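Protein chains in written order, with my numbering: chain A, 1 to 550; chain B, 10001 to 11050.
Calculated directly from the structure, the hints in this document are not laboratory data.
A quick note: this is a predicted structure, and the numbers were derived from the prediction, not measured.
Quick list of in silico lysine-lysine cross-link-like pairs, DSS-like style, CA-CA up to 27 Å:
#1 A:351 / A:464
#2 B:10681 / A:160
#3 B:10887 / B:10824
#4 B:10867 / A:109
#5 B:10070 / B:10219
#6 B:10556 / A:27
#7 B:10840 / A:118
#8 B:10049 / B:10994
#9 B:10681 / A:27
#10 A:441 / A:361
#11 B:10556 / A:22
#12 A:27 / B:10625
#13 A:306 / B:10681
#14 B:10681 / A:245
#15 B:10552 / A:22
#16 B:10274 / A:361
#17 A:118 / B:10867
#18 A:27 / B:10552
#19 B:10022 / B:10036
#20 A:109 / B:10268
#21 B:10580 / A:245
#22 B:10836 / B:11010
Pairwise CB distance ranges, derived in the manner of DEER restraints:
#23 A:62 / B:10861: 33 to 41 Å
#24 A:200 / B:10557: 37 to 45 Å
#25 B:10380 / A:249: 41 to 49 Å
#26 A:200 / B:10845: 38 to 46 Å
#27 A:164 / B:10577: 37 to 45 Å
C-beta: ideal position from N, C-alpha, C; glycine also.
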Amino acid sequence: MNRKKIYLVTVLFALVITSCKKQLDVKNPNSPTVDNATTESGIISFAQGGVYEDGFRTLKYGDGIFGLFYSGAVGFHEMMGDVIGAEAANGYINQIGCPDYVILDDGTKVLNPSAPAKQHDFLRSINLNGNQGQNTTYYEWAYMYQLNNVCNTILASVSKASFSGDAAAKKATMTAWAYWWKGFAYARIGSIYYAGIINSTAGATNGNYVTKEAIIAESNADLDKAAAALSGITNVADYSSLLGKLIPDFTQVGNGGILTIDEWKHNINTLKARNILVNTPVATMTTAQWTSVLTLANTGIQQGEKVFTLRSNATNDLLDALSGSVSAKTTATAAGGNTYKLSERFVQDFKAGDKRLANVKQTVTWLGNADRGNIFNTRYTLVDAGVAANNFPSGVIQFSNRNTGGYEMFLVGSFEENELMKAEANIYLSNLPAALASIDKVRNAEGAGLAAVAGTTSSVAVVKEELRKERRIGLAFRGLSFYDARRWGVINDISAGGGRTNAVVISNSAVVSTHATINYNFLDYWDVPDNELAYNPALAGSAPTKNPKQ
Amino acid sequence: MALFCQYAYAQNRTITGTVIGKSDGLPIPGVSVVIKGTRLGTQTSGDGKFSLSVPATAKTLVFTFIGYVKLEVPIESNVVNATLLDDSKLLSEVVVTGSGVATSKTRLGIAVESVTAAQLPATPSASIDQALVGKIPGAQISSVNGNPGQQVNIVLRGINSIQGGTKPLILIDGVQLSATDINAIDLNNIERVEVVQGAAGGTIYGAQGANGVIQLFTKKGKPGSMHVDISSSAGVNTLINSGDVHKAKSMSLVTDASGNILGAASGKPLVFDKTLSYYPENVTWNSLDPLNQNNKPYKNLTYYDHYKEFFKSASTINNSISIYGGAEKIDYNVSASNSYQNTTFKNNGDYKRSNFSANIGIQLFKGLKFRTNTQLIYTQNNLLDQTGRGILYSLNNTRPFANYNYTDPDGNYGSYFGDATGVNGFNPNYNTQYTHSKIAKIDLLQNFNLTYTFPKFVELDVKYGLNYNTNNNTYLIDAQDNNANAGYTQVYLTNYYSAPTITQTGETTKDNASTVFQNLIGTATFRTDFKNDFHLNIPLKTSTQLTYDYRKNVYKDFITYGADAPSYTPFNSSNYLVFKTQYDYVEPFITYGYLVNQKFDYGEYGGISGGFRSDYSSAFGRGSKPFTFPRADAYLRLSSFSFWNDGSLGAIFPEVKFRAAYGEAGIQPGAFQRYVTLSTKNVGGSSAFFLDPNQPNPDLGVEVSKETEIGTDIAIAGLKEGNWLKNFTLSVSYWKRKTDNAIYRVDAAPSTGVGSILQNAFGLSSNGIQVALNFSPYKSKAFSWDFTTNFGRSKSIISSVVGQPVVVTSAAGSSNYVLKAGEKIGQLYGFLMLHKVDEKAPDGTYFIPQSQQGDYVAASNGWVVSKTTKQPFVTSSQYSLGDPNPKFNMSFINNFSFSNIASLSFQVDWVYGSHIYNQTKEWMYRDGISGDYDKSINIDGASGAWTAFYRGVYAQVSRNGTKNYFYEDASFARLRNVSLAVNLHSFFHTKSLKKLQLVFTGRNLVTITKYTGYDPEISSGTGNSAFDRGVDHNTIPNTKTYQLGLNIGL
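Please work from the sequences and hints to get the whole structure.
Structure representation (structure tokens):
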């Protein structure tokens, strides 16, 4: 009996102490592995999610105050373009657009109260690896290189994957998609950073920094590759069906939708025209360059053509209706009531009688913190979904719409941008009537309700001013304002012909100046972010990674 | 059956007696009295008396009690008295943690600390973690948040892992407690606690033991008649504010000639819109005007004392009952308890916990024992803001003229009163009105233990523990459609759903998380005694331990929300207009391993042991090879040798032992840290993949932590004559450890398209010393005084980093830590303000160029400021501010006992050299809210409460940037515990009442510190973080508690 018990117990213990190595084979049951992205449906899922999520939404650093790419990185442009201001200090957004000084109507000179007080120095002082997500200049770089990496990954997968149906058409569509977004990523990088990296390998990089001009050249090369891929497509049905899966279904309304092959090519040409226009100061643009801009714009986005857009949906999958865009963050019941404050200089650029102005509301004057300069004080805010009288969509465009799906955001180009590039080229190519016609066309498209300017003037200066105003108002919140301020020389020091006079500025004691002078004095191209340089130092022979301007 | 028959026919008789202590002659309550060779027995009552029915066959009684030498007394008459000798107590206790086999401390090569239930104070939360603060020499246990249910931070020996934090392994009766938080365990149910702080002992538990081990032993029944213990206590808690944090009584806003605060836009006195609960205009604050002083009284607006309005005293109520006893082959202890706490922040909810436990031991047949221990815990957490940081931040950043108790004509609270009251200020009452939170947590711990002792040599032991936890969290936000203020300001509450308009508010989040953890440990122990077993004249004893240890953890979390509430009430989740499954995650993790450990003891003289542990882990998948880590220890008892024992040394030092140990432990990567996946999301009607910028790494290896410890345990007899200075014991340990390949996220160059990647990037090294000293300053029949002091110091540095220094931002705000080779871990970096105009940077250059030094002067508060702007000088670069970790921590514990009628104990904790970054204050500097603004300073001959200085501190160079100004000495001494217990049962001459004790307890009553925040002990960083320990960012401070308790024993 006793012996049996001992056996029993021993066997029991022995049973317990037997292992099974199979149990260690634990897989992550929550997410697909990278292999899943090599099937047709997997590549499509990745080509969509990678572009929209990695390209514009998710980064290792972040800050909810300025948010993601289209409210944050684009927002910084609008701050430096003096379309909006900010009081919050997150990511130094109250300093990025703070001018050197403002001279009020009474002669008071209000200096930038920050230390360092000059934007060039300030940008250098925050561009440190240790500043992590507080380094304002980090964001655009990181988003765009993530987008580039996603595109490199798509290109590497497409060549290996097998597609059903007209595989060649699908591969070409996918190739065009990847090169198009690569072209966009390089366009953004080359248009704001002094140098960049050309990187065509997924998950890797190189230390060979090249000039911003070389980055723009690479952008154009990628855009050409996209166009070439599109040209090779014969099976339009398979093309459309695939593109319809890449473009989020809830954006396929309004100007968004499945682009025809030609429409896409027109989008490509508009972006190529932008690459030239925004990266050359107007003062040094050559006739050849203007001609190129005009040629490209003439084959750019035509009125009514589909473009790449983004909208919110009920679950805010890609865009948060309340905070995803610059204009949503500028919308409030009363002036100053949201993170971004609408600039008085933006409002003063409306022409009298412009119906679009009704979508901007004057309220109780908002005065921000007295020791952050006066530039952000404002009487205005954006009207959410516009005033009823403006009767959108048949009537006047809305600057802001915070209802679900209400706001149509242009991801890349738009008809209006293309048309105004034509106008500007025509001004400098001495075809004023064509320029004025384009301006009228844009105003009509946006429901401005302004009297036509065509035939009203033969003064270049007047037409230039009409164009300046229309680019400010008609293309507002589309991330182009800083490019314009830069190429028109507004951001230059007053001693170098920059700045702005006759500006509306509200002083700290609520006095409205209408003839104030603003000396912005901003750096034109940012240095390469230190987070990049710390982990990927420049190799010998690289282009300078720092803008020599002091 | 036969056994029972024997007893039925046996002739029983009753033995009575009294047990006293030899040193003081006082009766000792609670002594275990057992008939030798049986499990029959009883305990002495409060007056040291016992009465026991014994069979005629019984020959000897065995008396045991912790702190006294075990005594066997033959039964020669019906009265058996016993006089117990004081043991050199802490040195000979039997412990099991870290050694695997129950071993007297005199035969251990490692340091094991132990605390008995009697030494643990009653805490307001009745939780064990709080009670351990200050009790373990060397350990840094800090109560870092005063809200109910918040965990303590524990560092046992330095920092061994960065991502793994400092949380030690928690065992309960030998099996791992993994799913349940230690603070859910009922303090009343714990008999004793053992702590092994280092890898040398911890490695026998595998990877999980690298941060040290805390083992809890639950109370078991004792043979004898049934006992009933009832205890009940009620307490009052108030917030600690040792730094007198308050809002400035004066203000410096622009006013008219009558002193009315003006609206910035209108220039007229500021008016509150009572319909909108809103100030339509901002104020003007010329904060940087060098002439502006914070010296104006509030005239047209009222100063509300927000702290008076929102901080109140909270209550705690604890009740428990336990019924225990046993017979020869069975013992039982069944207990139930209930604990209630509410918060010191107004209407932030309450926290309730109920514990039930049943611990039953049965001897199935000779040699085979079975034990089942069930613990069932239900916790209901109704706190709206768990850490309290959100609501306290909102309150602290509101200018004091905001009347947050105002309700609009509809009876609603407003949320945002406008920029005039501070852009970061929000009304906590608004949250209270519209949010409801309920976390229902069920914990089950079921341990089974089967032990078979062979007649000789071998003992088999199997333990199986099932630890289950489920958290059902319901967070409800009411629709706020009709709130005038929120509608106007568009500031309203949402959770996962970002409602585009206020009419789309109203949201319910349901978060169901569960953990099922299983731990199976099978151990075979072979023991030999060469003298008794083999009749060899060698005093050698051996023990061999073979253990198989299997753990499986399955964690699941499922979060759904419904949003955009319908317009009617009542409604349920199915009536929401928007639904989403927000999160669905499953994480299985399996690890198992083998331990082999061999020990030799040579007589009383010394011993050695050594072994290894080999572990498999599912993090490495099916084909993985095991990771094997060795350990060894040795001890030598000088006091056992005759040259010592027989001479005068032995009389002075009855016990002297030296010990040394070495151990390695491998810390495995997390379950999926080696597993690369694609992230997924829904984009409208399609499924999309994307890459997480923060990537796992398929090449990750284990982190290896290696530790060496040496130590000594010494008993000193003390004064022979008189009542003073007796029974000294001193334990000292020095330890040194290093971790190779510590895993952490390392940034990647953004151009790779990857944000960061996990890497075995860090080397860590630390060392420290721990000392425990106990003695009786005075001992007599009427009065005894016992004194304990615990000391610990440790230092952890980063010995190597692959690549660039890693900058990490505190989970609490924007303070920067830098993980850099050669520097201490947890080093804060920031901008410097200067004390001298000619101060030099580390590179030898002047911070202020010599030509400009004349523009600056040191103000009366010691900081260098500009003569013209009155703003402080702030360096443009960041420098190390220092290491916030303490230089040492110490505790002093005194117990006084008066003739068994009353006892008084108190504990003082002293933490020296710690620092806190006072981010709470920095934020309160932003809008002129901090009380510091009232303080006058003299700058270059001019005295005043200059706002340019205070605002400049916040704003210069980097607004809210980390600056040495806010890096404060947070050393403190705290009267952690004072407890007065009065035994009343001796006044009642009834046998049924064994205990009637009234206990007054005070906790955290006095704090001495220079720290100017609320509480120098708090930390706002991630709990048990390796580095994020030095920031105070609006964390709810600890509480001061007065508690009255009644303990009844029947």
